[in-house]
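K.L.:
Listed below, chain by chain, are the residues.
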Amino acid sequence: MSATEHASAPVVPLWQPAQVPSPTPSKIDPPEGEDLITVNFGPNHPSTHGVLRLIVTLDGEVVVGLDADIGYVHTGFEKNFEQKTYWKGIPYAPRMDYLAFFANELAYVGAVERLIEIEVPERAQWIRTLFAELNRIHSHLIFLGTSGVELGAISLFFYCLRERDRVLDLFEMVTGVRMHDRYPQFGGVAEDLPRGFYAEAKRFCHDVPLRIDEYLDLVAGNSVWRDRYRGIGTIDAATAIAMGLSGPNLRASGVPFDLRRAEPYLAYDKMDFDIVTGERGDAFDRLMCRTKEMYESVKIIDQCLEGMPSGPVMADDRKHVLPPRHELQTSMESLIHHFKLVTEGFRVKANQIYYTVESPRGEFGCFLVSDGGPKPWRIHFRAPSFVSLQSTAMMAVNRYIADLIVVVGSLDGVMGEADR
Amino acid sequence: MTAEQLAALVEQAVPGSVQAHADDLDMPSLTIAGEHLIAVCTYLRDQQGKNFLSAVSGVDYLGYGEEVAGYFGSERGRDINRTGSWGTPETVTPPATRFAVVYHLAHIGEGPTDRVRLQVLTEEGRVPSVVSVWPTADWHEREQYDLMGIRFDGHPNLRRLIMPSDWDGHPLRKDYPIGGEPVQFTDAV
Chain R
10 MSATEHASAP VVPLWQPAQV PSPTPSKIDP PEGEDLITVN FGPNHPSTHG
60 VLRLIVTLDG EVVVGLDADI GYVHTGFEKN FEQKTYWKGI PYAPRMDYLA
110 FFANELAYVG AVERLIEIEV PERAQWIRTL FAELNRIHSH LIFLGTSGVE
160 LGAISLFFYC LRERDRVLDL FEMVTGVRMH DRYPQFGGVA EDLPRGFYAE
210 AKRFCHDVPL RIDEYLDLVA GNSVWRDRYR GIGTIDAATA IAMGLSGPNL
260 RASGVPFDLR RAEPYLAYDK MDFDIVTGER GDAFDRLMCR TKEMYESVKI
310 IDQCLEGMPS GPVMADDRKH VLPPRHELQT SMESLIHHFK LVTEGFRVKA
360 NQIYYTVESP RGEFGCFLVS DGGPKPWRIH FRAPSFVSLQ STAMMAVNRY
410 IADLIVVVGS LDGVMGEADR
Chain Z
4 MTAEQLAALV EQAVPGSVQA HADDLDMPSL TIAGEHLIAV CTYLRDQQGK
54 NFLSAVSGVD YLGYGEEVAG YFGSERGRDI NRTGSWGTPE TVTPPATRFA
104 VVYHLAHIGE GPTDRVRLQV LTEEGRVPSV VSVWPTADWH EREQYDLMGI
154 RFDGHPNLRR LIMPSDWDGH PLRKDYPIGG EPVQFTDAV
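These protein sequence lines are chains R and Z, in that order.
Letter by letter, the first sequence follows residues 10 to 429 in our numbering.
Letter by letter, the second sequence follows residues 4 to 192 in our numbering.
If you're looking for bench data, these hints aren't it; they were derived computationally from the structure.
Just so you know, even glycine gets a beta-carbon here, dropped at the ideal spot from N, CA and C.
Hints may be right or wrong, so weigh each one.
[Claimed, not checked] Sample of chain R residues facing chain Z (criterion: CB under 7 Å; computed from the structure):
no., residue
1, H83
2, W234
3, I250
4, A271
5, E272
6, D380
7, R387
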């Protein structure tokens with residue numbers, strides 16, 4: 010090739026036109042037809058993962074039009090946050106995405122920490138990383154189990170819940186509760202790891218990969234599973250980015266984008282792990298991406314256990330951090346600090362921040378506007394389930410209604426998070 | 004890239020579009036004139052690689068930086084927040100316009116994420132829709148329309164998404180009262 014030819018070669022555009030139905034990607038109108046019926050699929054239906062309502066127009070058994078409707082578990086989280094001091098907002102956060110509770114807490118706590126410019130101790134960062142990955146395994150196990158239920162295979166669900174219970178046991182050991190733990194707090198984590206945790210977690214790290222091997226045999230080696238998931242809900246990389254998919258849904262389309270690697274937070278820059286990607290972007294790849302991500306999570310947990318630095322788990326900043334419990338009995342100042350922090354809270358300078366974490370479902374973002382007072386002025390969560398459920402229509406139309414269930418399941422939406 | 008460099012680039016591509024720029028804590032932030040929003044977004048998408056729209060958030064600045072950092076009561080509801088003890092330490096300069104619509108953009112692909120925040124200030128809560136630029140904006144904009152009452156001109160399907168379709172008012176607005184909501188489904192008894 011000569012130099013002139015090279016110069017005139019077309020520049021690859023940064024934006025590739027996506028195959029998105031127009032005008033609305035999230036709602037596909039049915040064609041004119043005689044024998045079409047419109048069915049309400051949900052909001053109460055076992056395979057909608059909560060209360061997702063799909064208004065489906067059917068031609069026989071084939072979906073020809075679809076409009077997704079959400080909002081049935083809207084509980085006004087964002088309005089509620091505006092009523093609470095920053096401290097009191099922490100227990101709210103995990104209740105949005107009840108499967109990825111820890112990731113939600115991390116996003117909220119991380120956003121506030123950036124705003125008040127507090128330095129989180131190294132050990133607390135590592136503990137948070139450990140629990141974020143335990144939480145990822147928890148969420149993916151539920152996904153894997155329910156993906157079987159959708160096909161009518163109930164046994165995998167029980168197996169997955171068995172391992173999930175061990176994750177929750179570890180959470181209970183450290184935080185005292187199994188879910189919604191309020192464990193990460195501004196400046197660190199509530200308490201240090203208890204004695205015996207290391208051995209228990211090590212045993213978990215040994216067992217779980219063996220279990221996932223079994224599940225992979227059960228799923229990937231099962232012809233029913235393959236036939237039902239292969240080629241369903243295919244989305245190419247350009248369309249996935251245009252539709253805002255993130256996390257495993259995007260990685261299944263072959264885009265190796267992971268916020269743990271792209272914008273390392275916590276201690277992820279010190280961890281050695283692979284980003285699992287798919288090739289075809291169909292439901293099967295999404296299933297495999299999540300399942301294989303559990304191996305990587307175990308790897309990270311193992312590294313956290315081995316390399317955990319020693320030191321404090323809470324920042325030494327009495328303006329923002331609750332004083333240690335034992336000081337309250339002996340120190341007047343600590344009692345005053347505690348009282349002021351709990352009743353009045355701390356004030357945050359007027360500013361705004363967008364803080365993201367890689368939740369098991371994708372990019373979970375927390376946009377926080379503060380006004381100098383003790384409560385958030387406005388908080389908005391970028392919920393990955395909310396975004397990914399938009400793609401249901403384009404994935405499911407012109408397919409059988411049985412495939413619609415696979416599509417909705419493979420997107421792994423949690424309605425508590427989508428509706429907030 | 005700093006906000007100043009980016010503002011210069013955007014200003015060169017779409018003259019008269021950048022009203023202000025700032026280097027925020029987390030990312031450069033540009034304030035864009037509403038009428039140039041589509042042109043700026045298309046430029047950022049095609050020339051600056053911002054192929055990923057993370058979120059669209061509406062912010063209501065009514066009462067921002069005033070003594071009572073709470074809510075304003077009306078006949079429809081009581082104000083449970085007027086305690087007087089929640090005043091701000093120093094008075095923040097309230098923005099001249101009531102609503103801001105904030106777009107968080109990112110780049111997915113080779114290289115860093117390069118996040119950018121775009122902000123459109125609007126008094127009456129009207130901005131052009133960016134669904135034609137990023138299809139993912141569809142539900143984001145419907146959500147902000149529903150909860151914040153921002154009207155996105157040119158949105159193909161601007162209906163309520165979260166609240167019931169016959170809901171009255173936009174709950175995330177600061178003048179929407181807390182408490183005292185009318186009892187729902189009374190006719191179903």
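K.L.:
For every hint, state whether the structure bears it out.
P.N.:
Verification of the supplied hints:
Taking 7 Å as the C-beta contact cut-off toward chain Z, the hint placing R/H83 at the interface holds, the least distance being around 5 Å. Below 7 Å, beta-carbon pairs count as interface contacts, and R/W234 has none with chain Z, the closest being about 30 Å; its hint is therefore violated. A least Cβ separation of about 5 Å between R/I250 and chain Z falls short of the 7 Å threshold, and the interface hint therefore holds. Interface hint at R/A271: satisfied, since its Cβ lies 5 Å from the closest Cβ of chain Z, which is below the 7 Å cut-off.
The closest approach between the C-beta of R/E272 and any C-beta of chain Z is roughly 6 Å, which is under the 7 Å cut-off, so the hint is satisfied. For R/D380, the interface hint holds, since its Cβ comes within 7 Å of a Cβ in chain Z; the closest pair sits about 5 Å apart. A least Cβ separation of about 5 Å between R/R387 and chain Z falls short of the 7 Å threshold, and the interface hint therefore holds.
Hint 2 from the list above is the single one not met by this structure.
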